[in-house]
Structures are given as C-alpha cells and as structure tokens.
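Dock chain B against the given chain A, drawing on the hints supplied.
Protein chains in written order, with our numbering: chain A, 11 to 580; chain B, 11 to 580.
If you're looking for bench data, these hints aren't it; they were derived computationally from the structure. Certain hints may be false.
Derived Cβ-Cβ restraints for the label pairs, each shown as a range [claimed, not checked]: (1) LYS16(A) <-> LYS19(B): 33 to 43 Å; (2) ILE224(A) <-> ILE511(B): 31 to 41 Å; (3) ARG213(B) <-> ALA421(A): 25 to 35 Å.
Computed from a prediction, not measured in an experiment: that's the story for all the values here. Think of the CB as a built atom: it goes at the ideal place given N, C-alpha and C, for glycine as much as any other residue.
Here is what each chain is made of, one letter per residue.
There are 2 protein chains.
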Amino acid sequence: MEVVRKNFKEALPLISASIDKADFLVIDTEFTGLINGRDVSAFDTPEEYYYCLLKGAKDFLLIQYGLCAFYWDHNRKCYMNDTYNFYLFPRGKVGTEKMFLCQSSSLDFLGAQGFDFNKVFKEGISYMTEPVETRLRENLLEKQKTQAKEKDAITIPDEHKTFVEDVCNQVRQFIDDNKSDEMEIEKCNSFVRLLLFQEIRARFKDEVLIESKILENKTRVLKVIRIKSEDDTKNYNAQKNEREWEELEEAVGFSKVARMISQSGKLVVGHNMLLDILHTLNHFFQPLPLDYNSFKEFSNCMFPVLLDTKYMSSLPPFKDRVNSSVLQHLFSTLSSKPFSIPTVGSLEGRGYRRADDKHHEAGFDAYVTGLCFLAMHGHLSRMRGEEHARPSATSAVLKPFLSKLFLCKTAHQDSPYMNLAGADPTPSRDHVFHLTFPKEWQRNDINQLFSPFGPVTVQFVEDTSALVALSRREQAAGVLRALQARDGVALLPYSTYKRLIHQTSSRSDAASGDCKTVCVLNTLFMAIAFVCVAFVFLYVVLFMMECVETHFPRCERFPLLDQIFQRFIL
Amino acid sequence: MEVVRKNFKEALPLISASIDKADFLVIDTEFTGLINGRDVSAFDTPEEYYYCLLKGAKDFLLIQYGLCAFYWDHNRKCYMNDTYNFYLFPRGKVGTEKMFLCQSSSLDFLGAQGFDFNKVFKEGISYMTEPVETRLRENLLEKQKTQAKEKDAITIPDEHKTFVEDVCNQVRQFIDDNKSDEMEIEKCNSFVRLLLFQEIRARFKDEVLIESKILENKTRVLKVIRIKSEDDTKNYNAQKNEREWEELEEAVGFSKVARMISQSGKLVVGHNMLLDILHTLNHFFQPLPLDYNSFKEFSNCMFPVLLDTKYMSSLPPFKDRVNSSVLQHLFSTLSSKPFSIPTVGSLEGRGYRRADDKHHEAGFDAYVTGLCFLAMHGHLSRMRGEEHARPSATSAVLKPFLSKLFLCKTAHQDSPYMNLAGADPTPSRDHVFHLTFPKEWQRNDINQLFSPFGPVTVQFVEDTSALVALSRREQAAGVLRALQARDGVALLPYSTYKRLIHQTSSRSDAASGDCKTVCVLNTLFMAIAFVCVAFVFLYVVLFMMECVETHFPRCERFPLLDQIFQRFIL
Chain A
11 MEVVRKNFKE ALPLISASID KADFLVIDTE FTGLINGRDV SAFDTPEEYY
61 YCLLKGAKDF LLIQYGLCAF YWDHNRKCYM NDTYNFYLFP RGKVGTEKMF
111 LCQSSSLDFL GAQGFDFNKV FKEGISYMTE PVETRLRENL LEKQKTQAKE
161 KDAITIPDEH KTFVEDVCNQ VRQFIDDNKS DEMEIEKCNS FVRLLLFQEI
211 RARFKDEVLI ESKILENKTR VLKVIRIKSE DDTKNYNAQK NEREWEELEE
261 AVGFSKVARM ISQSGKLVVG HNMLLDILHT LNHFFQPLPL DYNSFKEFSN
311 CMFPVLLDTK YMSSLPPFKD RVNSSVLQHL FSTLSSKPFS IPTVGSLEGR
361 GYRRADDKHH EAGFDAYVTG LCFLAMHGHL SRMRGEEHAR PSATSAVLKP
411 FLSKLFLCKT AHQDSPYMNL AGADPTPSRD HVFHLTFPKE WQRNDINQLF
461 SPFGPVTVQF VEDTSALVAL SRREQAAGVL RALQARDGVA LLPYSTYKRL
511 IHQTSSRSDA ASGDCKTVCV LNTLFMAIAF VCVAFVFLYV VLFMMECVET
561 HFPRCERFPL LDQIFQRFIL
Chain B
11 MEVVRKNFKE ALPLISASID KADFLVIDTE FTGLINGRDV SAFDTPEEYY
61 YCLLKGAKDF LLIQYGLCAF YWDHNRKCYM NDTYNFYLFP RGKVGTEKMF
111 LCQSSSLDFL GAQGFDFNKV FKEGISYMTE PVETRLRENL LEKQKTQAKE
161 KDAITIPDEH KTFVEDVCNQ VRQFIDDNKS DEMEIEKCNS FVRLLLFQEI
211 RARFKDEVLI ESKILENKTR VLKVIRIKSE DDTKNYNAQK NEREWEELEE
261 AVGFSKVARM ISQSGKLVVG HNMLLDILHT LNHFFQPLPL DYNSFKEFSN
311 CMFPVLLDTK YMSSLPPFKD RVNSSVLQHL FSTLSSKPFS IPTVGSLEGR
361 GYRRADDKHH EAGFDAYVTG LCFLAMHGHL SRMRGEEHAR PSATSAVLKP
411 FLSKLFLCKT AHQDSPYMNL AGADPTPSRD HVFHLTFPKE WQRNDINQLF
461 SPFGPVTVQF VEDTSALVAL SRREQAAGVL RALQARDGVA LLPYSTYKRL
511 IHQTSSRSDA ASGDCKTVCV LNTLFMAIAF VCVAFVFLYV VLFMMECVET
561 HFPRCERFPL LDQIFQRFIL
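One chain only, chain A, in its complex shape (with noise of 0.2 Å):
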C-alpha cells in the first residue's frame, strides 16, 4: 500500500492495527545519500564504523520508507503481509525548514530503479525528531496564548502609502456596499500584504477578518471576510486554532510511525539494516549521539529485538552456499534447495505479491526481505527437527542473530557486526602493517615486497602508503623484522599506526579547540619574560658602562658577564 501525505492520515490506524497483530517487522529505507566524509576501512573497528556513518545519517535524508508486517493467518496457515510504502519529505510550514545534503551517484542510482522524485517532494509525509515536536508544540502553546495581544506596528515607508489608502478605500466600499462576504487582495508582495494586514486589521477591526492565504500553487493573497455577527470572529479564532494544532499533527507525521514500531518492541528484521537504524533513529527519535556507546544504548532502548538478514546469511549453514548476498541474489539463492521461500499472502491491495517485482522500493525491499528470513528461519528450524515453527524473539534459534547488525566493508577482517546488545568483536589487527612505500610503486610492487609471507590484501591510504594485511596470519610474526630495512620503504605495526593517528587528530584538536587558553597562558608567559629580557637588557647596558669606564679587561662588578667575556671572547 503506498501511503503519501493525502492519504496518510486514514491509513494511520490501519496501519497501528498491522503493527499489533504482526509476528513480525520488516523495514527498508531510501536515502538522499550514503557517505559523506571519510569512507569505512576494511580494519575499521565497530565504533570507527559508526563514526564514519554518522555525519552522513545526519546531513542526508531518508526519502522512502518500507514497512513490512508478517502476521499468521490461521485459516490460510500461511503468513500474510501488510506492506506500506511511505514517500517521506519534512517539510517547513511550521518552522521546521530543513537543509539537507544530496549525494548526485545516489539520486542517480534510485533515478534509474524507477524511484518517483516527485511523489517524495510533492506528496512526502513529513517527520520530525521528538525534541522538535516538543519544542513546537510548546511554541504553538505560547502563540495560541498571546495571540489576543496588539502586534507592533510597522511604519508604513511613503512610497507605499498611495497603495495602501488605495486598497484600504476599497475594503471600505466592500464593507459598505455588503454584496458578497470576502474580498481578495491580489498582486502584492511579502512586504505590501505585511502592511495591509496590519492596516486592515487597526482601521476595520470589528467590521472584517484578514487572513493571509496561500493558494495551490503557493502564491499568498488577503482575504478580507466580512464579520456578520460576534460568533463569527470567535468560531473564526477557535476554527484558525484547531487548524495549526492539525498541521503540527501533519508536520510530525511519519515519526508517529516509527514509535509505534518502537513501542510494539517487535522482533525487527531488515537486510544490511546498520543505515536503516541509524536513519531512523536520527531522523524520527533524537539526533545520533557523538559517542559511540551513548548510541548502542539508545539503539537497544529503542529497538531491543532487531535482526540482520545479511548478517544472518553470511553464517552457518547458508555462508557457504551464499556467493552474493545483495538482496536479489540471496533471494534467488534461497529459492532453490536445500532452501525455499514459504508461500505468504496477502489480502487485496494491502501487501505484495512475488510477481510485484519492484526491487529498489523499500515496501517491496522490505516484503523480499521477509521472505528471505522466514525461508531461512525455515531451514533452521528444519534442521532442529521443529518442521512448523513460527519465529519468535526469544526462540534458541535465532539467538545467535539478535541485535547484531552486519559490517559488510569489515567482515573479511574478522569485524562482520556491531553487537547492539554487547560487546562488539575485536579482532586481532596483528597481521596488519602500515606500509610507506616510494611514489611510482603500483599494487603488484607491494604484493613482490610481502610475497615470502603469501598473498596480501592492500589498501591504498595515500599515493605512497597502504594498509596491507597477510592472507596466512600466523606468519606476521617475522614481517617487520624481515622488511623494515628495505630502502625506500617504512613498515609500522597497525596498532602503532593508529596510536600515531590518533595523536595526531587529538593534537590538531587541541591546536584548535584550546587556542583561546594557550593564547591566555601565552600572553601571561610573555609579561613575565618580558621583565626577564628588560633586566637582562639593563644588566647588559649597566656591564657596557662599567666596561667603557674601566677601559677593560676587567669588570668585577658584572661578574656573570665577566666571566664569559673572558673566557669566551678575550
């Protein structure tokens, strides 16, 4: 079901009921980008990995929204889905403009999958994070509340008085001549209707209402409606009050969704699902937290039960028989023995169907991705002799594969998952060295240089240095002792590499971040050293003195300075 702002407000409930009666939650999402800044290293730990994601989940935006929800039909006994696909744009009526950053490769990429831009900025639900709405909210409170009061007046500058007498002796022919009840104020601009308003609303205050109104197309005119009885300005007030209470709901929107899904606590499944959550999170809930563990805290409170199909997928018994698990592909894998894809359901427009086949839209991302989970629940179960069972979170099985989501650039490095719920996988970085190597060496001159030790992975980090790390582990051992006194090349153990690093960024950090009070200490240093160098000076010039009186050799009064010069200089 595809759900855009006109139609979001009905199919909020039905989509509250899908939630509850859901075995399960499947989501997928569409962003304006991927990775802004730094990209991943393959030795990257867990937290390197969130910090390298997380200026990006802040500055794209998420555009489409797939939610999935695999509820048991008992009639059918068969799953069924509840599919919705949300086109997703905040937008600023109420002051929540948003600047956001655009990738052109990844805009590029949806464009080509057939992705509809228009549907995202024409008819996008909005959203907005909680401390957002809070702070809304209580401004619209405050507005609502003082909204009796005078506004200040603004002096009306010469050039635009003839106008508005002009347009002021019309509303008062319209108010005199009372043939029909609203008047409009056309072909103004922003600053002209400013002064209308205020004009209209001194001079006409108990005869006409002014509103400012902006048509279809955007354009904003003045409507002038004339008050017929007392009850109209008050039902004109009470009606414009409830109005801005419904857009904020409309402005909070889609957020709405996310906290439901929040607060069911349902098992969450998703494929390479690490950008999903950190979207959802920032955009919906509070922005990402700076500190890594601030984060997995925050993720596991608000999503305890999550579960990642690539991750899943890239273990036993499916690693070895999964050549790709780009969705598709492990799709495709899990359709033919020893797997297969149970049958599911759906009731008529409310979910897919597999001959749907619109990869790349998140609602149907997100169907595949069920699919592909139950056919590898289903194998699991299988191969424990439960043949029937219907997944669980709390079930032994899928145990293993709770709130750990997949690190596809680190997982060849022994770093395959962020565990949401514990502490993350560390592995050794042993058999990795820092390489500087001469400026026309290309990748095969360092596969020469490690060959003793068997293949190597490499990874450039600059024109004349690479990460590179033994394939055969055990053999780190010997590397530096064997390849540090080559010339032309510098070998570092990774750990003292990224020691080296880290100072560096921390140096440069506190070179900028602490400036003011090094300039403070500095200041304070240099009065001091000031007053030496001035003693010093007349100590000096006094010595001069003393040298030119007694015609040399010797002065005893200066007896430091005396006894460099001659020993020194004499």
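Okay, now just chain B, sitting in the frame of chain A:
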C-alpha cells in the same frame, strides 16, 4: 523546447543557431536552495550581499535553465522567440560525484509549481566547471595511453576460489562449444566481479574479451565476448576509447551552452538575476572567488552586457506605476496602459506563446522576462520619439541599466544594485543605529524610544539588539545625544558597530587561522625567553651566595639587585 539528456546532442546546433541570430538573450534558473548561512540585512553593502549569497551559490545545485533567444523577423515585422528549457543534473559517471545541498522550502515551492523532479534526476543534462573538465580530459588521455599495461593482480581470497574456478570452467566450455559469441555472468557482487575480470583476462587473453556492462537499472553484469579475429580486439579497443570520449563530452554537457552564451558577447537579460549569474559562473565556468572584486572582474569578463529587468522597473518612469516587481505582477502591470507588451511570435515547437502560462518554469519565466524587457524598452523609446527602435547593447536608452544587478533586500536603503562594471553605490548609513535593549522589549518599545525622531525601520539582530534606521534621515545628528543616556539601552552609530563586528571576526579568524604561525613564533620567543629567565635565575643565585658570603648589607658585585634590595627591602 524542452531539452533533456537524450535530445541534448541533437539540440546543440539549434541552440547555437538561436544564439547567433538573437538580438538579445534572456536567462532564468531554478536551484535547490537560496540562502545557506546568514541572510542579507537591509543595510549591507553590495560586497556583504555577495558574501551572504556566495556559500549558497556553491552548495546548492542548479537544476533548470531557461534560455530564450529573441530575434527579429523581417517578414513578420515582429520579434520571435526560440526558447529552451533545460533540465540539469551533474552525473557522477566520469568521476565527478557531486555532493549538494537542498533547502526543503525551495523544493516544496518548486513542487507546488508543478516542477518535474523526475526529469531532473533521471533525464537531467550533466555539467561541470572548466577546471574539472580540463582535469578529466587530461586523466582520460593519460588513462588511454597507459591502458595497454597489465593491471596489478589481486589475490583471490580462499572463500571465492571455488566460485572463480567454476566460472572459469564455464568460460572454457563457452569457448570450446563455439555456439554463441557472447556469454553473461550474473549474480556476483562487485569484488567477485573484479576477481573474475582479472582471472578471465589472464587465462583467456587471446580467446575472449571481457567487459563490465551496466544495464538500464544500474545492475552490473560481466560480458564475455568471443574474439574471432585480431581486428576484433583492435576495433573493440578503438570503440571503447571513442565511447569514453563521448561520455566525457556528455558529462561536460550544458556547460557548452553557458560558454556559447558568454562567447556570443550579446546582451543577456534576466529578472532579479544576481543568483542566476552567481550559479551560472560557479557551476559552468569557475568556482566563485572569495574576493568580491575578483568576482566583479570575473563576471564582467564572462558577461559584459547584463540587464536586470527588476532593477530597470525600479527606476523612473516605471517605479511609480509598479507596485510589486514580482515577475508575474510586473508583466500584468506592463500589459496595461500606458505600457504595452509587443507581439512576439515563435516557430511551432521552438518557443512559448503568451497563452502557455507555465510560470516558474525557467524557460517560460525567461520568455516573460523578455516580454517585460521589450515593453519597458518600447516605452522608453516612445518617450524619446524612437518609435520602432530595437534594443541594442550600445543604445543610449539602455545604458543606465547595464551591468547593474538588482539587490532587492537592500534596495529600500539606497543600495539598489551591484555594479559589475564599475563602482558600487556607497549610501550613507548615518541614519542607522545599533541598539541594545532590555530583554522584555518589543518592536513598539523601540518605536516609542525613537518617536521624537519620526518613524523608524527596525531589523532585529538578536533577542536584545536591533538595527534601527530613521525615515527622516536629516534627524540623525541628534539621536545619539538624546537617547544614549537612557537607562537599559545602548546606542552605537552603524559605522562603529560594523567596525566592532569586523574586528571581532578578524580577531577570531586570526586566532583560528594563523594559530600555527603564532605557535611557531611563540616557541621561538619562548626559547629566547627561557635563556633570559635562566640568566636572571643564575644572577639571583650568585647574588644570594654573595650576600651570604658578605653577611649583608652590601653586595657590590651585583649592583642591580643590590640597589633594588637596598632601596625597597632593607
């Protein structure tokens, strides 16, 4: 005429011809955002105005370009328009991945005008600056020169060995079977594709060619092609090189049109065109300079004859009759007496007609701007008795308006334009004051404070400060004396306020920017100071020893300390 990626190449000669035959060109653009950072204040100088817009012009993207060429039809005795509405989107294909910023309100606005975002992201024509183009041309030349060399080998990790062997066996089979000329390898991730590419090239070098192909939906597959003769390889390489150059030309894309406009040297008209010019220069020519005077030079060099219809309409004889210079309002004003919009035709499918009504489509807005320009030019010519004059960059009628871009946010404070071809206006700011006031004050309190000096314009800076400008400028002299002594308020002349702001910002620039230099100097100074301090310390110690030796009260060998000692301590 709508121009997108697929018809750009064939449209290019038409565009070139339109520019050649035109009397004048009109441009209009749409971007993904307007202001990033501080907005312009009403009292800013043209230079400060530039700095306010600079960041946005660099960070936001240009997504639509309207170019309207007006040429004289001697048979019909009227102007004709050839108008092109270009959808633009810089693609990452040749390594020009672009990060760009969007402002949600801007996209919301464009969306409401019926803007087609899908055309931008899916069919947009690419573009790039000249330095990027030069670099890419050099890179490609270098790449094609060196591509004959063998690529460096990547070690095949153990887990992929079986799969790679399997595929190589399939390729062997394909070669031996000799049934078809092509075979595709699917379902592998990017790393496995790289391994296969390398292995197949190495093992079957003379039997097959291998290429990585991107399908319409951005899926990549490997294609293995049978080599039937030696020419196959040569042709294949020649074709590949040619394709790469074509791709580069496509990526340069719209920049070619922008450069044609510049090279034509013709009169270029726009409405409120400062941002249009900033984006045009920054995206198709060179990144905007950080220095204002360099920008003026650069701009004047690229577009020597510019005319801004918003500026034109703000001067007599139009000023008094134009209430709002919003393009649509201006057009409507110029449609009625004493003005008149001339008849402008177009060839079928090549230009707009007045009935089209596609406001906020860049091409249509350029067309309407051209009509407004012709109407205003006609009016001026008629006033001079030159009934049938055609606009010309050298005519006296247009001279006062050339190279002056309208500054809408400072126009009311005597700074209505930026003069690209000469000195900017330097309006007095003697009537402006910086006021610091108590927290609970509102606009009315400020009006009250200044009431002895007539009406004021107030622009809030922070919660407790504002810039206040007198309408009766001649009163300025008395303000400071009369109001400075008031309790709770502080008043500064605008010039003093600006100087303070400037000092603070340059001081903090120095503090952060030159921190390194300062640190080096400090270290040097500290070394000298340390020697001096050591000297003084030694002196004091020797003095003490002498004192102890001579049991006080006089230590004649240390005259300086002795004197201090005798005078101040004993």
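Each hint, compared with the structure:
no. : hint                                : result
1   : LYS16(A) <-> LYS19(B): 33 to 43 Å   : 40 Å, holds
2   : ILE224(A) <-> ILE511(B): 31 to 41 Å : 36 Å, holds
3   : ARG213(B) <-> ALA421(A): 25 to 35 Å : 28 Å, holds
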